[in-house]
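J.: Chain by chain, the residues:
Number of protein chains: 2
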Amino acid sequence: MKRIKMTIAYDGTRYSGWQIQPNAATVEGVLTDALSSLLHEPVALIGASRTDAGVHALGNVAVFDTEHPIPAEKISYAVNAYLPEDIRVVESRQVAGDFHPRYDCHSKCYEYHITCGEFAMPMERLYAHHLRKKPDVARMQAAAVYVEGSHDFTSFCQTGTPVRDKVRTIYSLTVCDREQEIVIRVVGNGFLYNMVRIIAGTLIQVGLGEKNPEDIPAIIEAMDRQKAGHTAPAKGLRLCYIRYED
Amino acid sequence: MKRIKMTIAYDGTRYSGWQIQPNAATVEGVLTDALSSLLHEPVALIGASRTDAGVHALGNVAVFDTEHPIPAEKISYAVNAYLPEDIRVVESRQVAGDFHPRYDCHSKCYEYHITCGEFAMPMERLYAHHLRKKPDVARMQAAAVYVEGSHDFTSFCQTGTPVRDKVRTIYSLTVCDREQEIVIRVVGNGFLYNMVRIIAGTLIQVGLGEKNPEDIPAIIEAMDRQKAGHTAPAKGLRLCYIRYED
Numbered sequence: 506m507k508r509i510k511m512t513i514a515y516d517g518t519r520y521s522g523w524q525i526q527p528n529a530a531t532v533e534g535v536l537t538d539a540l541s542s543l544l545h546e547p548v549a550l551i552g553a554s555r556t557d558a559g560v561h562a563l564g565n566v567a568v569f570d571t572e573h574p575i576p577a578e579k580i581s582y583a584v585n586a587y588l589p590e591d592i593r594v595v596e597s598r599q600v601a602g603d604f605h606p607r608y609d610c611h612s613k614c615y616e617y618h619i620t621c622g623e624f625a626m627p628m629e630r631l632y633a634h635h636l637r638k639k640p641d642v643a644r645m646q647a648a649a650v651y652v653e654g655s656h657d658f659t660s661f662c663q664t665g666t667p668v669r670d671k672v673r674t675i676y677s678l679t680v681c682d683r684e685q686e687i688v689i690r691v692v693g694n695g696f697l698y699n700m701v702r703i704i705a706g707t708l709i710q711v712g713l714g715e716k717n718p719e720d721i722p723a724i725i726e727a728m729d730r731q732k733a734g735h736t737a738p739a740k741g742l743r744l745c746y747i748r749y750e751d
Numbered sequence: 506m507k508r509i510k511m512t513i514a515y516d517g518t519r520y521s522g523w524q525i526q527p528n529a530a531t532v533e534g535v536l537t538d539a540l541s542s543l544l545h546e547p548v549a550l551i552g553a554s555r556t557d558a559g560v561h562a563l564g565n566v567a568v569f570d571t572e573h574p575i576p577a578e579k580i581s582y583a584v585n586a587y588l589p590e591d592i593r594v595v596e597s598r599q600v601a602g603d604f605h606p607r608y609d610c611h612s613k614c615y616e617y618h619i620t621c622g623e624f625a626m627p628m629e630r631l632y633a634h635h636l637r638k639k640p641d642v643a644r645m646q647a648a649a650v651y652v653e654g655s656h657d658f659t660s661f662c663q664t665g666t667p668v669r670d671k672v673r674t675i676y677s678l679t680v681c682d683r684e685q686e687i688v689i690r691v692v693g694n695g696f697l698y699n700m701v702r703i704i705a706g707t708l709i710q711v712g713l714g715e716k717n718p719e720d721i722p723a724i725i726e727a728m729d730r731q732k733a734g735h736t737a738p739a740k741g742l743r744l745c746y747i748r749y750e751d
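Chains as they are written, first to last, in the working numbering: chain X, 506 to 751; chain S, 506 to 751.
Wrong hints could be hidden among the right ones.
Because identical chains cannot be distinguished in the list, a pair is counted as satisfied if it fits within a single copy or across any two copies.
Said to hold, decoys possible - Taking lysine-lysine pairs in the DSS-like style, the calculated list, with each CA pair at most 27 Å apart, reads:
| no. | residue 1 | residue 2 |
| --- | --- | --- |
| 1 | 671 | 638 |
| 2 | 638 | 579 |
| 3 | 638 | 510 |
| 4 | 716 | 507 |
| 5 | 716 | 671 |
| 6 | 510 | 732 |
| 7 | 732 | 639 |
| 8 | 507 | 638 |
| 9 | 740 | 638 |
| 10 | 716 | 740 |
| 11 | 579 | 639 |
| 12 | 507 | 740 |
| 13 | 671 | 639 |
If you're looking for bench data, these hints aren't it; they were derived computationally from the structure. Note that the structure is predicted; figures quoted are calculated from it, not measured.
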């Protein structure tokens, strides 16, 4: 039995998220069907990140086990022929049989894209959150500094999430000003449900003057979802990469 | 009677090009219907550039005449409510009654986007031409120099185009290397049918070693469409802006 690790890119627009579910098009569902068609055997994926509906990925990761003789590196080329153009397996290779894409993850990187201007430009409408008024990036950057580090991120986690330990470490949280576009880039050892979108929504509110950068420590300490900002829309979010110890 | 000039952005993916035609969704058709609904009167557009099916625009231009009392600057805001999200009127203003978006055009800028890599990334699949092998950008740049200037561009015009004078001036043709992406940017006083796509296709073939940069002068002089390269796919092309004397 071989364990195959795949790196997967997708445009999340058409999908009800990663996780397989009945009566809905999901990335995991479409990919499972494509692999089963290719290998002529049932395939069970273990994904690294269950992205939500409308969230995009440049490098999500999933594994599956197979005894099929196809060389591991060839699987990406072969399965892409069975996939729609909005999902691509960009790499496939064999890993140790006990490799686990969630538990062995070393760090993850997400970006949240915001476009600013009077109107949302058509070519960016599906890949960025549009704001008519541009937030103050210096204020967002000042707030971001407080979010970096190890904290209990209960305030930045959707309520009802059945995870006990809500301590996560954010290695870096940067806010990049590209004139008509703002890109929030966050690297951490793990993320709670909706955590990046709540961080993005909170930074946006700081940038618009609805909250202050100095409010962030108290928001974290409160361990109360109500204290943080809105959950920013899914389409602005993209999972960039997942790193593993090699 | 007022003449209204609109600047229009669109994602061309869903449309059979700019020009209105029966039984097909076109940008001009959808925009005409939206303006007619807004103003409660028939509207006849004069467009600056009849982009092909799948070609995108950040700033195409069109005018129409109306006696409606709505302030010209308000039309963009109002008509966008009647438009799908893949078409936006990004500016509207009154111009002189004899302003003509084609004849008064001073310069136009197009970009042709190429992505390179083993697989076409899903989020770029509709907005760039994908090549597995990356062309040599230095060779493309060397070829581009020969294309700049005033020439009879018959070799770079789709055959059968009923235009007599095929002399056009290209003010600048640059090839920008962004690692995984190559952007060809061209500014000129006017373009023949498919001219930018044929220039792009020819530069790509030069970059891939199928033609040489020094071949370009002879290709131009031949005044023969057969001598130039392929017509590159529509989706890589975007009309960036159209300039007018002010």
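J.: Work down the list of hints and note, for each, if the structure agrees.
T.: Outcome of the hint check:
1. 671 x 638: neither (33 Å within a copy, 45 Å between copies)
2. 638 x 579: So residue 638 and residue 579 pass the 27 Å test across copies only (18 Å; inside, 47 Å).
3. 638 x 510: between (42 Å within a copy, 25 Å between copies)
4. 716 x 507: neither (51 Å within a copy, 46 Å between copies)
5. 716 x 671: Classified as within: same-chain Cα gap 23 Å, cross-chain 59 Å, threshold 27 Å.
6. 510 x 732: neither (39 Å within a copy, 47 Å between copies)
7. 732 x 639: within (23 Å within a copy, 49 Å between copies)
8. 507 x 638: Classified as neither; 52 Å inside a copy, 31 Å across copies.
9. 740 x 638: within (19 Å within a copy, 30 Å between copies)
10. 716 x 740: Within one copy only: 23 Å inside a chain, 42 Å across chains, cut-off 27 Å.
11. 579 x 639: Answer is between: at 21 Å across copies they meet the 27 Å cutoff, but 46 Å inside does not.
12. 507 x 740: neither (35 Å within a copy, 40 Å between copies)
13. 671 x 639: neither (32 Å within a copy, 45 Å between copies)
Of the hints listed earlier, those the structure fails to meet are numbers 1, 4, 6, 8, 12, 13, in rising order.
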